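Following the hints, put chain E in place on chain P, whose structure we already have.
Residue numbers (my numbering), protein chains in the order written: chain P, 1 to 159; chain E, 1 to 522.
It should be emphasised that the hints constitute simulated quantities derived from the structure, not laboratory data. It cannot be assumed that every hint is accurate.
[Claimed, not checked] For lysine-lysine, the following BS3-like pairs were computed, each having C-alpha atoms within a straight-line distance of at most 25 Å:
| hint | chain 1 | residue 1 | chain 2 | residue 2 |
| --- | --- | --- | --- | --- |
| 1 | E | Lys32 | E | Lys123 |
| 2 | E | Lys473 | E | Lys123 |
| 3 | E | Lys466 | E | Lys117 |
| 4 | E | Lys473 | P | Lys62 |
| 5 | P | Lys67 | E | Lys123 |
| 6 | E | Lys309 | E | Lys461 |
| 7 | P | Lys154 | P | Lys66 |
| 8 | E | Lys466 | E | Lys386 |
| 9 | E | Lys117 | P | Lys67 |
| 10 | P | Lys66 | E | Lys123 |
| 11 | E | Lys451 | P | Lys151 |
| 12 | E | Lys451 | E | Lys386 |
| 13 | E | Lys466 | E | Lys32 |
| 14 | P | Lys155 | P | Lys66 |
| 15 | E | Lys309 | E | Lys386 |
| 16 | P | Lys67 | E | Lys32 |
| 17 | P | Lys67 | P | Lys151 |
| 18 | E | Lys309 | E | Lys123 |
[Said to hold, decoys possible] One side of the interface only, derived from the structure: several residues of chain P facing chain E at Cβ under 7 Å:
| hint | residue |
| --- | --- |
| 19 | Phe64 |
| 20 | Ile82 |
| 21 | Thr92 |
| 22 | Tyr95 |
| 23 | Leu104 |
Just so you know, these numbers come straight off a predicted model, no measurement behind them. Glycine residues also receive a C-beta, built at the ideal position from the N, C-alpha and C atoms.
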Amino acid sequence: MKNEMSRIVRTVTTLIYGFIIVYGFYVIAHGHLTPGGGFQGGAIAASAFALLVVTYGDQGVKDFLKKDILSLVESTGLVLFIAFAFFGLGVTFFYNFMANSGGLFGNSAIIGINPGDLNTGGTIPIMNIAVGLEVLAALGVIILTMSAGSKNTKKKENS
Amino acid sequence: MSSILTHSPALVMALPLLAAFLTPVVGRFNRKILGWFISAILGLTLGITILMAIQILTNGSMIYVFGGGDAGLTLPSGYTVPIRIIFHIDGMGIFMGLITAVVSFLAAIYSLSFMQKESGLEKYYALLLLLATGMFGMEFTGDIFNFFVFLEIASISSVALIAFRSNFSGEPAEAGFKYMVVSSISALMVLFAIGLFYGQYDVLNMATIASVMQFTQLDKIALILLVTVLSMKAGSVPMHMWTPDAYSEAPAAITMVLVAASQASLYALFRVCFSLYNISLNTVTIGWIIIILGVLSMFIGVTMAIIQKDIKRLMAYHAISQTGYMLLGVGVGLAVLANPVALNSFGIKAMEGSIFHIMNHAMYKGLLFLTAGALFYRTGTRDLNKMGGLANNMFYTTIFFIIGAAAIAGIPPFNGFASKLMIYESVYKFNPLLSIIAMLVSILTLASFVKVFHSAFLGPKLEQYKKVQEVPKSMLFAMATLACIIVLFGLFPDVIVKNLVHPAVMALINQTNYTATILGGI
Chain P
1 MKNEMSRIVR TVTTLIYGFI IVYGFYVIAH GHLTPGGGFQ GGAIAASAFA
51 LLVVTYGDQG VKDFLKKDIL SLVESTGLVL FIAFAFFGLG VTFFYNFMAN
101 SGGLFGNSAI IGINPGDLNT GGTIPIMNIA VGLEVLAALG VIILTMSAGS
151 KNTKKKENS
Chain E
1 MSSILTHSPA LVMALPLLAA FLTPVVGRFN RKILGWFISA ILGLTLGITI
51 LMAIQILTNG SMIYVFGGGD AGLTLPSGYT VPIRIIFHID GMGIFMGLIT
101 AVVSFLAAIY SLSFMQKESG LEKYYALLLL LATGMFGMEF TGDIFNFFVF
151 LEIASISSVA LIAFRSNFSG EPAEAGFKYM VVSSISALMV LFAIGLFYGQ
201 YDVLNMATIA SVMQFTQLDK IALILLVTVL SMKAGSVPMH MWTPDAYSEA
251 PAAITMVLVA ASQASLYALF RVCFSLYNIS LNTVTIGWII IILGVLSMFI
301 GVTMAIIQKD IKRLMAYHAI SQTGYMLLGV GVGLAVLANP VALNSFGIKA
351 MEGSIFHIMN HAMYKGLLFL TAGALFYRTG TRDLNKMGGL ANNMFYTTIF
401 FIIGAAAIAG IPPFNGFASK LMIYESVYKF NPLLSIIAML VSILTLASFV
451 KVFHSAFLGP KLEQYKKVQE VPKSMLFAMA TLACIIVLFG LFPDVIVKNL
501 VHPAVMALIN QTNYTATILG GI
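This is chain P alone, in the form it adopts within the complex (with noise of 0.2 Å):
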């Protein structure tokens, strides 16, 4: 038996997933200029991954969502974090030493009402960016543990 939802759910579902995660990414890299960040980013975007799983059941993701992938993504995003932390090593941890210095994310940022700068921060939109593939790795990899566990519950209830 397959386990997936109507066709209604279902287009609506591919319709609008890949919606769901270009606005996480945009809440993720828009970390410093606007309220969200990397974990809210990271939490929108594997809400899509939610979806998918709950519209077309866990065998039915099984070729898109891996768990090996996900765990791989989010172990980058933790050493990417904490590496971005020790770079900051030749004056203290965690210092922003990309901040104002002209290269990459190295604007100084502007005082007063502007459009924002996205190349501003330093290695703040680096760390929201690992924190948001960490975040959204991780509660994808509980998605799929917590589907593939549902179903021995479920079995359990209907012996």
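What follows is chain E alone, placed relative to chain P:
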């Protein structure tokens, strides 16, 4: 070299964190070197902690400002209160840090053989490293919200480790769930207390809060919350229900680290009472509350231990009972804090005894849990009635058990005797009855360990344990190191007390120094 020393507070916390994040990658790449990789990282951490200890004990407190322009710059120009997260390590912090470093390093070494056959080792080691990070953070941090974060890191990783599927009997998941409920409640209450401080004083740095503390009604509520939940996390008696389950169900190496983790909560309790409030609070009342918690823990812990048949559960009740000694001594110190004459004549001595007992307890209780793990590793049971005659097959384990049992029962020349004698002598001057109860508890401890020794090790060889051998070398190495520390501390207690324990006690008592390190002599 000097730059390592400057950055050592951050490195000690960050190296295990980095390794924890790298563990899944290393585990995917090569599973065999994983255990050695973790042991090497924790060994390196131990080395840096020792360097830092030498630095702190010769030159005084260390501070580290995260992300600041300079590691020692707490107040950049124009600021009157510190904004950034600051690690603030004085004699007491580094004393606890040394315990954590030793215990987590030995746990990793012990796990090399003990956990070899298990699956999911990457997760086990990553959680062990996160637990070490959380404990270091709790002990080093000078920022109360940061303390909450590290408390949560330590709690969550301990929950997962307690429930780690390593035991073939018992209910690890239930123990893990119990601990999760206890630590969530305590973390919430700590957060609530932090909210009370932040709402009133607009600062989160502990030294700054201490310097502006008004001791209002809200501060009293915060104090009650903190004392209650931190003594719950330390496992003192009315709130001890999680301790026997958690300690007996966790893998042996983890139990040893959990003992140190509950001592980190105990440290936080002392830090709150001494550094945050000091004599602004009613020290006699709070001191007596802590003394009563201590006496209850001592007595109820040991009486519950005598009737246990599960070896690790028995030892877990003894851990509660020994926590009572630490609370008793420090409680006496706190009760006479406002009275300089009594403080100098016996208060400082009582505190030295109990602070010394924290380190001794971590060492001998760790050793005892490791021997229990060794018995479980070879016999597959924790039930004392099913064991017997194991001294015939496991010579070294028997010797290590005797050393640990003699130390916990307070028999000279082992370290338990040294610290317990200091507690007896000084508490007797405060209130003779308390001292007599403490001695009685010590005798009962000896009685119950004689029982364990008799039923597990003595007697003829049993049929089912004919093929039992000595445990592998890595487990023996971990136990032997602890046994050496116990004997050395027992033979030269004066050296340890003078160089390690006394600075720790002074760091607790002297609140002015604590605040002046951050705020520059206000």
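Hint by hint, here is what the structure shows:
1. E:Lys32 to E:Lys123: 14 Å, holds
2. E:Lys473 to E:Lys123: It holds: about 24 Å lies between the C-alpha atoms, which stays within 25 Å.
3. E:Lys466 to E:Lys117: 22 Å, holds
4. E:Lys473 to P:Lys62: 44 Å, violated
5. P:Lys67 to E:Lys123: 15 Å, holds
6. E:Lys309 to E:Lys461: 20 Å, holds
7. P:Lys154 to P:Lys66: Roughly 23 Å between the alpha carbons, so the hint for P:Lys154 and P:Lys66 holds.
8. E:Lys466 to E:Lys386: 14 Å, holds
9. E:Lys117 to P:Lys67: Between E:Lys117 and P:Lys67 the Cα gap is close to 24 Å, so the pair holds against 25 Å.
10. P:Lys66 to E:Lys123: Holds, because 18 Å separates the two Cα atoms, which is no more than 25 Å.
11. E:Lys451 to P:Lys151: 48 Å, violated
12. E:Lys451 to E:Lys386: It holds: about 14 Å lies between the C-alpha atoms, which stays within 25 Å.
13. E:Lys466 to E:Lys32: The hint is violated at about 31 Å.
14. P:Lys155 to P:Lys66: 24 Å, holds
15. E:Lys309 to E:Lys386: 10 Å, holds
16. P:Lys67 to E:Lys32: 23 Å, holds
17. P:Lys67 to P:Lys151: OK: P:Lys67 and P:Lys151 at ~17 Å, within 25 Å.
18. E:Lys309 to E:Lys123: With Cα atoms ~31 Å apart, E:Lys309 and E:Lys123 exceed 25 Å; violated.
19. Phe64: 22 Å, violated
20. Ile82: 5 Å, holds
21. Thr92: 5 Å, holds
22. Tyr95: 5 Å, holds
23. Leu104: The hint is violated - P:Leu104 has no Cβ within 7 Å of chain E, the shortest such distance being about 19 Å.
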